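Visitor: Each chain is listed here by its residues.
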Amino acid sequence: MNKKRLSLILIGVAVAITLAAVFLHGHNFAVLNPQGEVGRKERNLMYVALVMSLVVVIPVFVMLFGFAWTYREGNKKAMYKPNWDHNRTIESIWWGVPTLLITILAVIAWNSSHDLDPYKALVSNKQPIQVEVVALDWKWLFIYPQQNIASVNFLQFPVDTPVNYTITSDAPMNSFWIPSLGGQVYAMSGMTTQLHLMANKIGDFEGSSANISGTGFAGMRFVARASSQADFDSWVAMVKGQDTPLNTTDYKNLAKPSENNPASYYSSVQSNLFDDILLKYMAPGSTVHNGSMAGMSM
Amino acid sequence: MFHFASALTGRMNMQAFPRDTITAGGALSMVFALIAIAAFLTYKKRWKWLWKEWLTSLDPKRIGVMYIIVALVMLLRGLGDVLLIRTQQATSVGSSHGILNSDHFQQIFSAHGSIMIFFVAMGLMFGLINLILPLHIGARDVAFPFLNSVAFWLFVAGMALMNLSIIFGEFSAAGWLAYPPLSELQYSPGVGVDYWIWSLQIAGVGSLLSGVNFLTTIFKMRAPGMTMMKMPIFVWSVLCSMLLVVFAFPILTVTLALLYFDRSLGMHFFTSTGGGNPMMYVNLIWAWGHPEVYILVLPAFGIYSEVVATFARKRLFGYKSMVWALGAITFLSFSVWLHHFFTMGAGADVNAFFGIMTMVIAVPTGVKIFNWLFTMYHGRILFATPMLWFMGFIATFTVGGVAGVLMAVPPADFQIHNSLFLVAHFHTMIIGGVVFGYFAGITYWFPKIFGFKLNERLGRYAFWSWLVGFLLAFIPLYILGFMGATRRLDHYSASEGWQGLFIVAGVGVLFVLLGVGFQILQFIVSIIQRKQNIDATGDPWNGRTLEWSAPSPVPFYNFTTIPEVHSRDAFWETKRAKISMPPRYEDITLPKNSPMGIFIAAFAFMVGFGCIWHIVWLIVLGLIGVVITVLVRSADEDTEETTTAAEVKRLDRVARKVAA
Numbered sequence: 000m001n002k003k004r005l006s007l008i009l010i011g012v013a014v015a016i017t018l019a020a021v022f023l024h025g026h027n028f029a030v031l032n033p034q035g036e037v038g039r040k041e042r043n044l045m046y047v048a049l050v051m052s053l054v055v056v057i058p059v060f061v062m063l064f065g066f067a068w069t070y071r072e073g074n075k076k077a078m079y080k081p082n083w084d085h086n087r088t089i090e091s092i093w094w095g096v097p098t099l100l101i102t103i104l105a106v107i108a109w110n111s112s113h114d115l116d117p118y119k120a121l122v123s124n125k126q127p128i129q130v131e132v133v134a135l136d137w138k139w140l141f142i143y144p145q146q147n148i149a150s151v152n153f154l155q156f157p158v159d160t161p162v163n164y165t166i167t168s169d170a171p172m173n174s175f176w177i178p179s180l181g182g183q184v185y186a187m188s189g190m191t192t193q194l195h196l197m198a199n200k201i202g203d204f205e206g207s208s209a210n211i212s213g214t215g216f217a218g219m220r221f222v223a224r225a226s227s228q229a230d231f232d233s234w235v236a237m238v239k240g241q242d243t244p245l246n247t248t249d250y251k252n253l254a255k256p257s258e259n260n261p262a263s264y265y266s267s268v269q270s271n272l273f274d275d276i277l278l279k280y281m282a283p284g285s286t287v288h289n290g291s292m293a294g295m296s297m
Numbered sequence: 000m001f002h003f004a005s006a007l008t009g010r011m012n013m014q015a016f017p018r019d020t021i022t023a024g025g026a027l028s029m030v031f032a033l034i035a036i037a038a039f040l041t042y043k044k045r046w047k048w049l050w051k052e053w054l055t056s057l058d059p060k061r062i063g064v065m066y067i068i069v070a071l072v073m074l075l076r077g078l079g080d081v082l083l084i085r086t087q088q089a090t091s092v093g094s095s096h097g098i099l100n101s102d103h104f105q106q107i108f109s110a111h112g113s114i115m116i117f118f119v120a121m122g123l124m125f126g127l128i129n130l131i132l133p134l135h136i137g138a139r140d141v142a143f144p145f146l147n148s149v150a151f152w153l154f155v156a157g158m159a160l161m162n163l164s165i166i167f168g169e170f171s172a173a174g175w176l177a178y179p180p181l182s183e184l185q186y187s188p189g190v191g192v193d194y195w196i197w198s199l200q201i202a203g204v205g206s207l208l209s210g211v212n213f214l215t216t217i218f219k220m221r222a223p224g225m226t227m228m229k230m231p232i233f234v235w236s237v238l239c240s241m242l243l244v245v246f247a248f249p250i251l252t253v254t255l256a257l258l259y260f261d262r263s264l265g266m267h268f269f270t271s272t273g274g275g276n277p278m279m280y281v282n283l284i285w286a287w288g289h290p291e292v293y294i295l296v297l298p299a300f301g302i303y304s305e306v307v308a309t310f311a312r313k314r315l316f317g318y319k320s321m322v323w324a325l326g327a328i329t330f331l332s333f334s335v336w337l338h339h340f341f342t343m344g345a346g347a348d349v350n351a352f353f354g355i356m357t358m359v360i361a362v363p364t365g366v367k368i369f370n371w372l373f374t375m376y377h378g379r380i381l382f383a384t385p386m387l388w389f390m391g392f393i394a395t396f397t398v399g400g401v402a403g404v405l406m407a408v409p410p411a412d413f414q415i416h417n418s419l420f421l422v423a424h425f426h427t428m429i430i431g432g433v434v435f436g437y438f439a440g441i442t443y444w445f446p447k448i449f450g451f452k453l454n455e456r457l458g459r460y461a462f463w464s465w466l467v468g469f470l471l472a473f474i475p476l477y478i479l480g481f482m483g484a485t486r487r488l489d490h491y492s493a494s495e496g497w498q499g500l501f502i503v504a505g506v507g508v509l510f511v512l513l514g515v516g517f518q519i520l521q522f523i524v525s526i527i528q529r530k531q532n533i534d535a536t537g538d539p540w541n542g543r544t545l546e547w548s549a550p551s552p553v554p555f556y557n558f559t560t561i562p563e564v565h566s567r568d569a570f571w572e573t574k575r576a577k578i579s580m581p582p583r584y585e586d587i588t589l590p591k592n593s594p595m596g597i598f599i600a601a602f603a604f605m606v607g608f609g610c611i612w613h614i615v616w617l618i619v620l621g622l623i624g625v626v627i628t629v630l631v632r633s634a635d636e637d638t639e640e641t642t643t644a645a646e647v648k649r650l651d652r653v654a655r656k657v658a659a
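Residue numbers (numbering that gives the first Met the number 0), protein chains in the order written: chain A, 0 to 297; chain B, 0 to 659.
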């Protein structure tokens with residue numbers, strides 16, 4: 000390769016990097032720039048896995064281009080050994096080194112799977128907020144059982160306080176995801192999953208459904224607002240002050256398919272609504288459209 | 000009460016025909032293309048030739064070529080879908096809603112995935128196996144030549160059914176794996192999911208038949224002296240892949256059948272209600288789906304192994320390691336399926352187990368990469384097009400592998416699962432690993448089948464366009480994933496700041512299309528200039544394996560004399576020892592052509608179409624047809640014909656004289 004060509008390639012790479020930097024500046028890399036401890040630990044795991052992979056990947060790239068250049072057909076000076084086809088020592092190295100790396104990574108995976116189990120409660124001296132999440136066609140319903148309020152496509156909670164999400168679906172499977180705070184969990188009808196997240200900064204974070212659930216699924220976006228405790232309390236008071244209760248009939252209407260729903264709030268919630276939603280998939284012979292199983296869980 | 004119309008046409012009525020411009024355009028262009036081809040054949044009076052020489056042929060080389068043609072046509076269809084998907088995503092921002100409505104968009108990406116996996120990747124794979132496997136093991140045919148034809152035509156029937164959904168009805172909008180409950184009747188009442196089920200079901204049965212066929216071929220038909228540890232590594236890779244086919248495809252067949260029972264007979268295997276469990280489907284479909292990835296990539300690994308040894312002019316490094324690595328991957332591929340849904344909430348122990356098993360696969364895969372690199376070391380490398388595809392594969396596959404290791408750590412996966420990062424990862428593996436490998440294989444073995452090489456310059460242009468296009472199309476997707484962009488979005492708000500990256504990704508698609516354009520041009524120019532690129536020796540690349548000992552184009556009987564094998568690179572060693580065996584001619588018995596495979600597939604197509612539209616008489620007719628054709632074929636005693644030794648001698652002289 001002559002010098003002119005090499006310098007052209009280097010200039011090209013530099014221009015590409017500059018353009019990319021300008022282009023991407025100011026964008027929100029939610030996953031790489033987490034605002035909560037769960038997301039931060041998950042990102043750090045990615046970095047650890049990346050660095051460990053590079054131990055193998057960098058030599059691969061060096062050898063790929065190095066060998067290709069050195070042993071090109073035109074280079075008659077390079078040694079040519081057409082029958083050299085095995086060497087126990089070096090083959091042991093590339094069975095051994097990756098095995099070692101994977102062993103380390105396996106320990107990390109085992110520990111982190113337990114440490115960051117979405118079902119595991121977060122350690123904090125604050126009382127956690129409970130939120131019951133219901134994926135609907137095509138919006139999210141958030142029920143706050145402690146406060147006895149609910150909201151659609153909007154979440155608010157105090158900063159530095161664990162939020163315990165109990166998640167189900169009254170629609171096809173969705174996935175509940177707030178990338179700035181941490182990883183997702185599926186929302187499945189007739190089943191509950193759990194997720195524990197905590198914001199460590201005040202701010203509005205985007206949430207979405209990460210799993211296709213029908214035509215309106217792209218519009219299942221919501222704002223997750225981490226605020227001060229005082230702001231959270233006044234938000235709860237504001238919602239309670241409205242005259243918008245959520246009873247079974249309202250819920251039936253809400254559960255009908257609709258797209259791109261704006262945020263809305265419910266000043267009170269019929270008791271056991273979440274359990275009723277769950278139970279109607281479990282009861283034998285029940286149909287999905289029948290939402291009047293309230294008596295069962297009384 | 001008997002409704003004549005509904006008994007006659009089931010669920011079908013005039014509403015089934017497309018009403019929006021884009022679908023109608025797609026449907027019309029398909030119909031016109033078929034009419035144009037039919038008119039051309041009629042004008043050239045080639046119908047009889049097509050029927051006798053190709054469609055009814057039981058010669059695995061011809062069947063292989065037909066597989067590859069179908070797969071390449073489907074590649075164009077799949078890329079057309081991509082163009083629509085990316086146009087939508089680049090334009091549907093904020094107040095603009097792009098060119099497609101959500102339902103149509105979702106049908107298109109569901110079709111894209113299904114077509115690319117089942118009818119492009121699988122088609123290229125079975126095509127190349129058909130072309131090369133018998134030649135590679137010094138055999139004249141596969142073990143079950145008629146079964147091979149049935150399998151191919153079932154593949155065609157599945158393909159036709161999937162494409163028919165553009166003209167009659169609709170396609171599934173539930174993604175390429177159609178997770179319930181979305182794919183259940185309650186949420187997908189139309190015929191789309193049924194089209195998906197039956198096109199996969201019919202093609203899948205074909206794949207299973209092929210799996211049995213090639214396994215038997217490898218076990219029973221190797222040339223004398225070719226012990227297992229003397230098989231070329233491509234044969235090992237096909238052996239492993241076909242083992243996976245035989246174990247995995249029955250799972251697919253059963254899973255699809257259960258989903259269909261749910262949808263049409265009111266059963267509750269995977270419904271949310273009535274005691275069904277949708278997550279059972281997700282487990283089952285991935286218990287097939289993960290091995291499927293290895294089914295596709297292992298033969299590509301085999302091709303890379305042949306290509307790198309040939310073009311580095313050196314023995315493959317670490318043959319035994321390669322075999323063990325293939326075996327390890329085959330075994331492990333059945334123990335990782337849950338990594339596709341860590342986010343189901345299965346619990347830490349389960350997630351950690353499957354995460355670790357996934358990482359373990361990285362070890363044998365890494366070993367293979369180092370063995371390929373050390374095949375280059377101390378070699379004398381010729382950078383012909385297949386070698387370029389190989390280099391592109393190592394570079395992209397390694398990067399994709401890193402993304403895979405990230406996602407193998409369950410808590411890290413929670414943050415990138417179902418994001419565009421995931422989409423970028425599996426496209427890196429499938430394009431960089433599978434597609435590049437099959438392109439390398441097509442370029443490498445083309446002269447063996449057709450007798451002339453493909454144009455090298457256009458091949459290089461195609462490679463670089465594909466590589467640049469691939470990088471432009473998928474680097475933005477990795478970045479978008481980190482921004483929290485999920486897959487399958489038909490619309491997003493302008494404040495996300497994703498549009499620029501989607502546009503770059505769309506430009507990448509244009510570069511890939513440019514690459515495909517060069518490939519089409521490459522075929523055309525090479526055919527026109529075939530005299531300049533003629534392969535006179537039968538050994539254009541200075542090859543190492545048995546197929547290069549036969550003349551090019553290889554005659555229908557493959558070898559006049561079944562070769563004897565004494566070492567791994569059998570032909571290379573013969574050349575080195577300067578052994579030239581005097582030709583010895585014998586009577587060769589091979590199967591006659593048979594149209595029965597086409598008939599069986601046509602009846603299977605009727606069954607599928609009937610099941611989709613609930614047309615009972617068509618289902619019954621199709622089933623009876625299948626049974627009768629199978630019986631008629633089984634009763635046929637006169638299925639083989641013999642070419643006499645004298646005729647073989649004459650043909651061989653002609654072949655070698657033309658060659659020499």
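Derived from the structure by calculation, the hints contain no laboratory data.
For clarity, every value in this text was computed on a predicted model and none was experimentally measured.
Please note that the accuracy of each hint is not assured.
What the hints assert, rightly or not - Calculated lysine-lysine pairs in the DSSO-like style (CA-CA distance at most 30 Å, straight line):
{"#": "1", "chain 1": "A", "residue 1": "80", "chain 2": "B", "residue 2": "574"}
{"#": "2", "chain 1": "B", "residue 1": "47", "chain 2": "B", "residue 2": "574"}
{"#": "3", "chain 1": "A", "residue 1": "76", "chain 2": "B", "residue 2": "51"}
{"#": "4", "chain 1": "B", "residue 1": "591", "chain 2": "A", "residue 2": "80"}
{"#": "5", "chain 1": "B", "residue 1": "648", "chain 2": "B", "residue 2": "591"}
{"#": "6", "chain 1": "A", "residue 1": "80", "chain 2": "B", "residue 2": "229"}
{"#": "7", "chain 1": "B", "residue 1": "229", "chain 2": "B", "residue 2": "219"}
{"#": "8", "chain 1": "A", "residue 1": "3", "chain 2": "A", "residue 2": "76"}
{"#": "9", "chain 1": "B", "residue 1": "591", "chain 2": "B", "residue 2": "219"}
{"#": "10", "chain 1": "B", "residue 1": "229", "chain 2": "B", "residue 2": "47"}
{"#": "11", "chain 1": "B", "residue 1": "648", "chain 2": "A", "residue 2": "75"}
{"#": "12", "chain 1": "B", "residue 1": "574", "chain 2": "A", "residue 2": "75"}
{"#": "13", "chain 1": "B", "residue 1": "648", "chain 2": "B", "residue 2": "574"}
{"#": "14", "chain 1": "B", "residue 1": "530", "chain 2": "B", "residue 2": "47"}
{"#": "15", "chain 1": "B", "residue 1": "51", "chain 2": "B", "residue 2": "648"}
{"#": "16", "chain 1": "A", "residue 1": "3", "chain 2": "A", "residue 2": "125"}
{"#": "17", "chain 1": "A", "residue 1": "76", "chain 2": "B", "residue 2": "577"}
{"#": "18", "chain 1": "A", "residue 1": "80", "chain 2": "B", "residue 2": "577"}
{"#": "19", "chain 1": "B", "residue 1": "229", "chain 2": "B", "residue 2": "319"}
{"#": "20", "chain 1": "B", "residue 1": "44", "chain 2": "B", "residue 2": "591"}
{"#": "21", "chain 1": "A", "residue 1": "125", "chain 2": "A", "residue 2": "75"}
{"#": "22", "chain 1": "B", "residue 1": "219", "chain 2": "B", "residue 2": "574"}
{"#": "23", "chain 1": "B", "residue 1": "530", "chain 2": "B", "residue 2": "574"}
{"#": "24", "chain 1": "B", "residue 1": "44", "chain 2": "B", "residue 2": "574"}
Claimed, not checked - Covered stretches of chain B, as calculated for chain A (at least 3 residues, CB under 8 Å):
{"#": "25", "segment": "376-390"}
{"#": "26", "segment": "642-653"}
Cβ coordinates follow ideal geometry from the N, Cα and C atoms, glycine included.
Visitor: None of the hints should be skipped; say for each whether it holds.
Guide: Comparing the hints with the structure gives:
1. A:80 / B:574: holds (17 Å)
2. B:47 / B:574: Violated - the C-alpha atoms of residue 574 of chain B and residue 47 of chain B are around 42 Å apart, more than 30 Å.
3. A:76 / B:51: Distance ~55 Å between residue 76 of chain A and residue 51 of chain B Cα, so the pair is violated.
4. B:591 / A:80: Violated, at about 47 Å.
5. B:648 / B:591: holds (20 Å)
6. A:80 / B:229: holds (21 Å)
7. B:229 / B:219: holds (15 Å)
8. A:3 / A:76: holds (24 Å)
9. B:591 / B:219: This hinted pair holds, its Cα atoms lying about 21 Å apart.
10. B:229 / B:47: Cα-Cα ~43 Å, so violated.
11. B:648 / A:75: violated (43 Å)
12. B:574 / A:75: Cα-Cα ~22 Å, so holds.
13. B:648 / B:574: Since the Cα atoms of residue 648 of chain B and residue 574 of chain B sit roughly 23 Å apart, the hinted pair holds (cutoff 30 Å).
14. B:530 / B:47: Distance of about 27 Å is within 30 Å: holds.
15. B:51 / B:648: holds (24 Å)
16. A:3 / A:125: Distance ~64 Å between residue 3 of chain A and residue 125 of chain A Cα, so the pair is violated.
17. A:76 / B:577: Answer holds: residue 76 of chain A to residue 577 of chain B is near 27 Å, not above 30 Å.
18. A:80 / B:577: holds (19 Å)
19. B:229 / B:319: holds (10 Å)
20. B:44 / B:591: Holds: residue 44 of chain B and residue 591 of chain B sit about 23 Å apart, inside 30 Å.
21. A:125 / A:75: Roughly 73 Å separates the two Cα atoms, so the pair is violated.
22. B:219 / B:574: Holds, at about 27 Å.
23. B:530 / B:574: holds (26 Å)
24. B:44 / B:574: violated (44 Å)
25. 376-390: holds (count 8)
26. 642-653: Violated - the segment 642-653 of chain B has 0 residues with a Cβ nearer than 8 Å to chain A, which falls short of three.
In this structure, the earlier hints numbered 2, 3, 4, 10, 11, 16, 21, 24 and 26 are contradicted, and the remaining ones agree with it.
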